[in-house]
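Visitor: All residue numbers for the sequence shown refer to our numbering, where the first residue is 1 and numbers rise by one.
Simulated from the structure, these hints should not be mistaken for lab results.
For clarity, every value in this text was computed on a predicted model and none was experimentally measured.
Glycine residues also receive a C-beta, built at the ideal position from the N, C-alpha and C atoms.
Hints may contain errors.
What the hints assert, rightly or not - Here are the simulated lysine-lysine pairs, DSS-like style, with alpha carbons at most 27 Å apart: (1) 93 x 26; (2) 161 x 228; (3) 129 x 59; (4) 92 x 29; (5) 140 x 161; (6) 161 x 231; (7) 59 x 9; (8) 60 x 197; (9) 161 x 41; (10) 41 x 92; (11) 19 x 29; (12) 41 x 59; (13) 2 x 37; (14) 190 x 41; (15) 60 x 37; (16) 9 x 55; (17) 19 x 37; (18) 190 x 92; (19) 140 x 231; (20) 2 x 60; (21) 41 x 225; (22) 117 x 37; (23) 153 x 225; (24) 60 x 129.
Unchecked claim - Between beta-carbon pairs, the in silico distance windows are: (25) 240 x 54: 42 to 50 Å; (26) 83 x 187: 16 to 24 Å; (27) 139 x 20: 37 to 45 Å; (28) 133 x 58: 21 to 29 Å; (29) 143 x 88: 18 to 26 Å.
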Amino acid sequence: MKLSKNTIKELSLVSSQIKRELTNIKIIKEIYDYIFKIDGKKTRALLSLLASSNKNSSKKSRINLATIIELLHTATLIHDDVVDDSYSRRGKKSVNYLWTNGHSVLMGDFIYSKAFKLMVNLDDNRILKELSSATNDIAKGELVQLDSFGQLKITESELKKINYLKTGRLFEAASKTGAILGACTMNEVKTFASIGKNIGIAFQIKDDLLDYECNNTKIGKPKLKDFKEGKITLPCFMHYRAMQVKNFLLSKLGKKYKKKMKKKYLNIFFQENLY
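When you get a sec, could you build the whole thing from the sequences and use the hints?
Guide: Quick look at the structure:
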């Protein structure tokens, strides 16, 4: 999707606002600089900006809200890397790999608190309620997924719920709060929320599919990482439900394996003609 010059400028202002939230404490500055050195796509912030783009809405408030969304998202990623024991994120070494799990947890908390300080300044209880609820739901989704590792008895509806909570929920909240800030009608707010939710769920499914992608060297995510961890995602679930060699998947899910076996496993998945 080609963005307008104005939208690109607004996303740049979000990046600038994020950097202004920095502290002078050396270790925090060091980690914060590292995290935000490379700009991400800011998809959630973009949804917020688009939903709030009403002529009468305050530009400063719109940039602040988009910044809040991006900070919340970044905090969840830092915590995720600790939970998943990841060594990379977006093609570069993760915070917990370069520092410690303790640094990562506390840095995630620091960024969360920054987001909530900005949130209070918006002075809108509807936005505060929606974003605090979304943050709580994200944690629920991550906990439910963690508890389901290696459990192929999980249902498709349960997996879809996990995708909604851990990813779709913040997309939904970004769009919904943007629409609230933009003084949209109740029906418009619901529509924006629904669009954000579905984009988020699709985004998560696409990300899960990359685990089984043969040519994913440029995305910064190791092949079969989720599979090796025993993480049950929709692609893994669909594989298991459709493939003839179910015993193979059961015997390898969540197990360590030699690097040379990775190609063999990928080939077995794709021979099932699931994609």
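Visitor: Each of the hints needs a verdict: does it hold here or not?
Guide: Results for each hint:
no., hint, result
1, 93 x 26, "holds (20 Å)"
2, 161 x 228, "holds (22 Å)"
3, 129 x 59, "holds (21 Å)"
4, 92 x 29, "holds (18 Å)"
5, 140 x 161, "holds (10 Å)"
6, 161 x 231, "holds (15 Å)"
7, 59 x 9, "holds (12 Å)"
8, 60 x 197, "holds (25 Å)"
9, 161 x 41, "holds (25 Å)"
10, 41 x 92, "holds (15 Å)"
11, 19 x 29, "holds (10 Å)"
12, 41 x 59, "holds (20 Å)"
13, 2 x 37, "holds (24 Å)"
14, 190 x 41, "holds (25 Å)"
15, 60 x 37, "holds (23 Å)"
16, 9 x 55, "holds (16 Å)"
17, 19 x 37, "holds (10 Å)"
18, 190 x 92, "violated (37 Å)"
19, 140 x 231, "holds (16 Å)"
20, 2 x 60, "holds (24 Å)"
21, 41 x 225, "holds (22 Å)"
22, 117 x 37, "holds (22 Å)"
23, 153 x 225, "holds (21 Å)"
24, 60 x 129, "holds (20 Å)"
25, 240 x 54: 42 to 50 Å, "holds (47 Å)"
26, 83 x 187: 16 to 24 Å, "violated (38 Å)"
27, 139 x 20: 37 to 45 Å, "violated (27 Å)"
28, 133 x 58: 21 to 29 Å, "holds (23 Å)"
29, 143 x 88: 18 to 26 Å, "holds (23 Å)"
The structure fails hints 18, 26, 27 (numbered hints given earlier, in ascending order).
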